[in-house]
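Turn these sequences into a full structure, and let the hints steer you where they fit.
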Amino acid sequence: MKQIDSSTLNQWYVIQSCADLTQTRPRYTRLLGSNILAERLDDGSVSAGLLSTTGEQVRQLPVRECYDYVWTTLGEPDGDVFSMPEFYEEGRRMIVCGIASVQTSPGRIIENFLDMSHFPFVHIDVLGAEPETEVNNYKVNLRKDVNELWATECGFYQPKAMASATEGIEVDYQYRVANPFAAILYKTCPDRDDAMDLVGILPQPLDETNCDIHYFMLVFDDVNTDQELIQFQQGILMQDRIILENQRPRELPLERGAEITIRADAASIQYRRWIKDLGIGFGTL
Amino acid sequence: MIKLYDYILSGSCYKVRLLLNILNVEYEAVPVDFYPGLEHKKPDFLALNPLGQLPVLTDNDLILRDAQSILLYLASKYDSQRTWFPGDPATRGQVAMWTAFGGGEIMAASAARLHDVLNYPFDVDQQRKSAHAAFLILDDHIAEQEIKGFDWLAGTSPTIADIACFPYVSLSEDGGISREEYPAIERWLRRVMDIPGFIDMPGILQHWRP
Chain A
756 MKQIDSSTLN
766 QWYVIQSCAD
776 LTQTRPRYTR
786 LLGSNILAER
796 LDDGSVSAGL
806 LSTTGEQVRQ
816 LPVRECYDYV
826 WTTLGEPDGD
836 VFSMPEFYEE
846 GRRMIVCGIA
856 SVQTSPGRII
866 ENFLDMSHFP
876 FVHIDVLGAE
886 PETEVNNYKV
896 NLRKDVNELW
906 ATECGFYQPK
916 AMASATEGIE
926 VDYQYRVANP
936 FAAILYKTCP
946 DRDDAMDLVG
956 ILPQPLDETN
966 CDIHYFMLVF
976 DDVNTDQELI
986 QFQQGILMQD
996 RIILENQRPR
1006 ELPLERGAEI
1016 TIRADAASIQ
1026 YRRWIKDLGI
1036 GFGTL
Chain B
0 MIKLYDYILS
10 GSCYKVRLLL
20 NILNVEYEAV
30 PVDFYPGLEH
40 KKPDFLALNP
50 LGQLPVLTDN
60 DLILRDAQSI
70 LLYLASKYDS
80 QRTWFPGDPA
90 TRGQVAMWTA
100 FGGGEIMAAS
110 AARLHDVLNY
120 PFDVDQQRKS
130 AHAAFLILDD
140 HIAEQEIKGF
150 DWLAGTSPTI
160 ADIACFPYVS
170 LSEDGGISRE
180 EYPAIERWLR
190 RVMDIPGFID
200 MPGILQHWRP
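Chains A and B supply the protein sequences, listed in that same order. According to the working numbering, the stretch in the first sequence is residues 756 to 1040, in order. According to the working numbering, the stretch in the second sequence is residues 0 to 209, in order.
Calculated directly from the structure, the hints in this document are not laboratory data. Hints should not be assumed to be uniformly reliable.
Claimed, not checked - Listed next, the stretches of chain A that the computed footprint assigns to chain B, with coverage defined by at least 3 CB atoms under 8 Å from CB atoms of chain B:
1) 849-856
2) 981-990
What the hints assert, rightly or not - A few chain B residues that don't get close to chain A, going by computed Cβ distances all over 12 Å:
3) M0
4) Y34
5) G36
6) D87
7) G92
8) N118
9) D139
10) A142
11) P201
Said to hold, decoys possible - Here are a few chain A residues that face chain B, going by a calculated C-beta distance under 8 Å:
12) E889
13) M993
14) I997
Glycine included, each C-beta is placed from N, C-alpha and C at the ideal position.
So, in structure tokens, the structure goes:
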């Protein structure tokens, strides 16, 4: 396998939810092509180890428990897990939606998440509906101070924007790519005028073209049960999964001109440019 | 009021939703956190179905488990035209046979999908092999029906057998099972999607209609 670039190595990755990592349920998994084992110890803390091909522990890995998830890294991140102050807001519900295994690269997953133009065709009558297929002129900007990519002023008509939506609304979207392989969507909360709901996807790259997507919702919602919210989000992800698994190549092409882009792809273009500048070779071409 | 204990990504729940919609029967869906919550293995749910499986349907005091049995019940009670579970004994036998196929052999495709999507610890190669064996039998059967001038798995009109087999065949690619080699199945899937009242579920790609 090719050498993994340092930008990819030096990120924090989610490997399990805190709730699902118990003393009786360790997680044997892979991260960036390496075998790892995460365990909850008797004192309640979490230990993660990098394993050799024969299963012996080679070294301990750094661990964080943050936002109800267990994070680790194979490299040396500059800082801590990105900040998400909404997690601590009074009244918000953190809904961990589980893991979806998808045979594609993490870059393809983030790119699809940023793409609004597929809503009316893939998430029919939920996140979009014909003929309201237009993507408005949203703004994309790389925030150099925090090294995050943001897409703002994204408006879209959605028949059922969130589980709590009872009618179609014009939804205001913002996308935040908090690190090259972690993205959060902020969207109009149907329940509260002054707040945004969050949906996050945190792909755990098993190898270059296989990911376990951890995903969550962080919402104000006084109507729906956890079960209803989880099923809403899982349904959307399964619709995306078909599209993702049919994209070729599975790696994300970073060379200009590799695919034909239009104005609606501005977020994708900037995302590809950004991760190319970061030197990300993992899961890209 | 009918209650359906339901999980959006379950093909077995979906077949019940599909028939309820086709028959235009009102019901209340009770979402069960099958994953990641494993709510179907917890005491409250086990009281409804000791097998710990979805779906479960309740109609007043009646509690039914097993999607195929639920289809039988719904067609018997709510289809006034008596076409979804026809009365003719020979047809009825064939409908029951292919309905059982939908809850039996076809379920290998469901296991492959659970492996690929939710990491279930199944022998996926074996499951895919079994699914292909079942698909081949189904494809041959549909082709024979077509030669005889019939579009459906049993009888002359769509029945619960079609509903029972449809979900996990149409979701097969979620579990890495290609249908390229089954042209008769592809034609039949399209016919099912054109049944008035058809609804889809996440993972089913509807064909383009002009």
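Earlier hints that do not hold, by number
Violated hints: 4, 5, 8, 11, 12; rest satisfied.
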